[in-house]
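**Q** Chains as they are written, first to last, in this note's numbering: chain X, 30 to 197; chain G, 16 to 169.
Rather than coming from a laboratory, the hints here were simulated on the basis of the structure.
Where a beta carbon is used, it is the ideal one built from N, C-alpha and C, also for glycine.
Where hints are given, some of them may not hold.
[To be verified] Simulated DEER-style distance windows between Cβ atoms: (1) S192/X / G74/G: 51 to 59 Å; (2) H48/X / G137/G: 50 to 58 Å; (3) A148/G / T111/X: 50 to 58 Å.
[To be verified] Partial selection, computed: residues in chain G whose CB lies under 10 Å from chain X: (4) V21; (5) P98; (6) K101; (7) H102; (8) L123; (9) R139; (10) R145; (11) P147.
[What the hints assert, rightly or not] Every beta carbon over 10 Å from chain G, so not counted as near; a handful from chain X, in silico: (12) T41; (13) E44; (14) G56; (15) V95; (16) A120; (17) Q147; (18) P167; (19) E185.
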Amino acid sequence: MSGAEAGTQPVTVLETPIHLDYVFTPGIAQSIFLRGLARGVFLGQRCPTCGKVYIPSRGSCPVDGVATDEVVELPDTGIVTTYCVVNVPFAGQAVEIPYTCAQVLLDGANISFMGLIQEVPADQVRMGMRVEAVWVPPDELGPSLASVKYFRPTGEPDALYESYEEYL
Amino acid sequence: MSDGDVLVANHVLDYPYARSVGPVLGAFFTALSEGRIVGVEGSDGAVIVPPTEYDPLTGEDVGELRDVGPGGVVTAWSWQVAPGRKHHLDHPFAWALVRLDGATTAMLHVVDAGDPGAMATGMRVTARFRPPAERRGHVLDLEAFVPEPDGGGR
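Next comes chain G alone, as it looks inside the complex (with noise of 0.2 Å):
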C-alpha cells in the first residue's frame, strides 16, 4: 500500500456474554434441552411461546407452564437462499413464524426444507432436535422444523 492511500484494518469486538435466564426462560431452554417446547399461560388465555416473564397484557407474573407442539404450522416465512457464516445450517432454508399446537403465538425459527418450493404459508412442519448429547440448553437444541409428510408443503 502507498503512502496516499488510506489504512484498512479488520477490527474484530468479541463480547463473551452469559446472561442467567430466571425461572421463566430457563424452563423453556430446560424444556428444550429434553426435546420438549413449552410456553405460558397469559391472563386471558393465550398460550405464549417462547413463554414471556410476563403477562404482556397486565404486567403481571405469568401463569402455568403449557406444553406445546412438536408440530405446528407455518404462519409466515422467507427463504435465506445462502447461509451465512453464523448460521447452523450448511445449506439453505427457510426462517418462518411456527405457531406450534397448542399454542397462541408463532415463535421465529428455521424450517430445513430443503427447497423453497416446498415452503407455503399454512403448511405443517414438525420439531426436529438435535440428539440429547448435543443439546446445551440453547434455542438451536431444536435444530429445525421440518415439514409434515402430507403437511400441505407444495
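Just chain X, same shape as in the assembly (with noise of 0.2 Å):
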C-alpha cells in the first residue's frame, strides 16, 4: 500500500468523452440543396426517368439508379406525414420540451425529410397536417438546415391518408 493516501474517496464513474471531429463534404447534390437553404428556398432534383422528385438530392434516383440532374425549387409548404413527440431531456437540447420532430413532404417532393413542428401544442400535431416553413432572418441564412427554424401549421384542412400514405 505504498503511496496510499488517507481519505481517497472510491471511484464509481469514469467520464468518458468521446470528441470528434469530421471534415464533411456533402457533394454535389447536397451542395445545391444547401445552397438553396443559404437564399431561403428549398432545391430538390427530379429523376429524368421516373419523374420523382427527391431532397435533399443524393444525385441519382434510387429507383431508376439515373442521374437527378433538373433542379426543382419547391415551395415552403407540405404536410407531417409522420411525427414523434420528444419528452426525454437530452445534453445539448435545444428545444423546450415536450416537443415535436416530423417528415414534412413539401407539396410537389417525393420523400420527406425530418423538421422541428412550432407554434403549436406537441399534443395538437397530427399526421396530414399542412405546414409550412418558417426561415431565420435572412442575415443568419447560411447552408445549413438551421435556416429553417421549424415548420408551423398554416391552418388549412388536413391532407387526406391516401394522399402520403405511400410515403410512410
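Two chains, two frames, a set of hints: combine them into the complex.
**A** Below, the structure is given as C-alpha cells:
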C-alpha cells in the first residue's frame, strides 16, 4: 500500500467523453440543396425517368439509378406525414420539451425530410397536418438546415391519408 | 467558393459519456488515485492487470485484488514520433506493454523515455504518477512509465 493517501474517495464513475472532428463534404447534389437553404429556398432534383422529386437529393434516383440533373424549386409548404413527440431531456437539447419532430413532405416532393414543428402544442400535431417553413432572418441564412427555424401549421384542412400513405 | 464547387464543413460530434465502473474497475481507478496499481487474481493464479471483471478462463467472479508494480518490464513498444492533439504528453513518447512486478499480464500505457534510443524490449520501467492534487481516478493518474536507472534501456 505504498503511497496510499488517507481519505481518498472510491471511484464509481469514469467520464469518457468522445470528441469526433469530421470534415464533411456533402457532394454536388447536396451542395445544391444546402446553397438553396442559404437563399431561403428548397431545391430538390427530379429523376428524368420516373419523374419523382427528391429533397435533399443524393444526385441519383434510388429506383432508376440515373442522375437527377434537373433542379426543382419546391414551395415552403407541405404536410406532416409522421412525427414523434420528444419528452425526454438530453444533453445539448436546444428546444424546450415537449416538442415535435416530424417528417415533412413538401408539396411537389416525393420524399419527406425531418423538421421541427412549432407554434402548436405537441399534442395537437397530427398526420396529414398542413405546415409551412419558417426561415431564420435573411442575414442569418446559411448553407445548413439551421436556416429553417421550424415548420408551423398553415391552418388549411388536413391532407387525406391516401394522398401520403405511400410516403410513410 | 464558386457555385461549381462542393461545400465543405467542419462537423463535430461530442458524446459526454460517463460510465459507472463497478467494484473491480472502481478499485483499479481508486488505487490509481492513491498512487497504486492493482490487479486481480484469476482462477489459475495469474494476476491480471488491469483487472478484468470476470475470470477470463471460467467466467466466474474474479478473486482478490493484488498490489503490483510500480516497477515492471517493457514487453513490446512502438514510438509515437509526434504526439497528437489528444495525447496527454506534449513530446514524443513510446506506447508500451508493461508487465508490472507481480503481474502475469502486461498493460498498455506510455513510456516517457525522451528518445527512441532509450527504449528496448525487456527494459525496466517504473510508474510516474501525477501529483495527488491532480489525480481524478483515471488511467492517466499514472502519467507515464519512465525508464529505471540502469534498467536495461539502450
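**Q** So, H102/G near chain X? Judge it on the closest CB pair being under 10 Å.
**A** violated, 13 Å
**Q** Just want to verify: T41/X was marked as not at the interface with chain G; is every Cβ pair farther apart than 10 Å?
**A** violated, 6 Å
**Q** Would you check whether R145/G satisfies its interface hint, that is, whether its CB is within less than 10 Å of any CB in chain X?
**A** violated, 12 Å
**Q** Note whether the CB distance of H48/X and G137/G lies within 50 to 58 Å or breaks it.
**A** Distance hint for H48/X, G137/G is violated at roughly 36 Å.
**Q** Per the stated criterion, does the least C-beta distance between E185/X and chain G lie above 10 Å, as a non-interface residue requires?
**A** Holds: least Cβ distance 34 Å, greater than 10 Å.
**Q** How about V21/G: closest beta carbon in chain X under 10 Å, or not?
**A** holds, 5 Å
**Q** Taking the closest Cβ pair, is L123/G under 10 Å from chain X?
**A** With a closest approach of 16 Å, the L123/G hint is violated.
**Q** Do the numbers back the hint for P98/G, that is, is its least Cβ distance to chain X under 10 Å?
**A** violated, 16 Å
**Q** Mind verifying the non-interface call on Q147/X? Its CB should be farther than 10 Å from each CB in chain G.
**A** Given a closest Cβ separation of 25 Å, the condition holds.
**Q** Hey, does G56/X actually stay past 10 Å from chain G on C-beta?
**A** violated, 6 Å
**Q** Is the interface hint for R139/G satisfied, with its Cβ closer than 10 Å to some Cβ of chain X?
**A** R139/G check fails; min Cβ-Cβ to chain X is 18 Å, beyond 10 Å.
**Q** Is 50 to 58 Å a correct range for the gap between the Cβ atoms of A148/G and T111/X?
**A** With a Cβ separation near 54 Å, A148/G and T111/X satisfy 50 to 58 Å, so the hint holds.
Of the numbered hints stated above, those contradicted by the structure are hints 2, 5, 7, 8, 9, 10, 12, 13, 14, 16, listed in ascending order.
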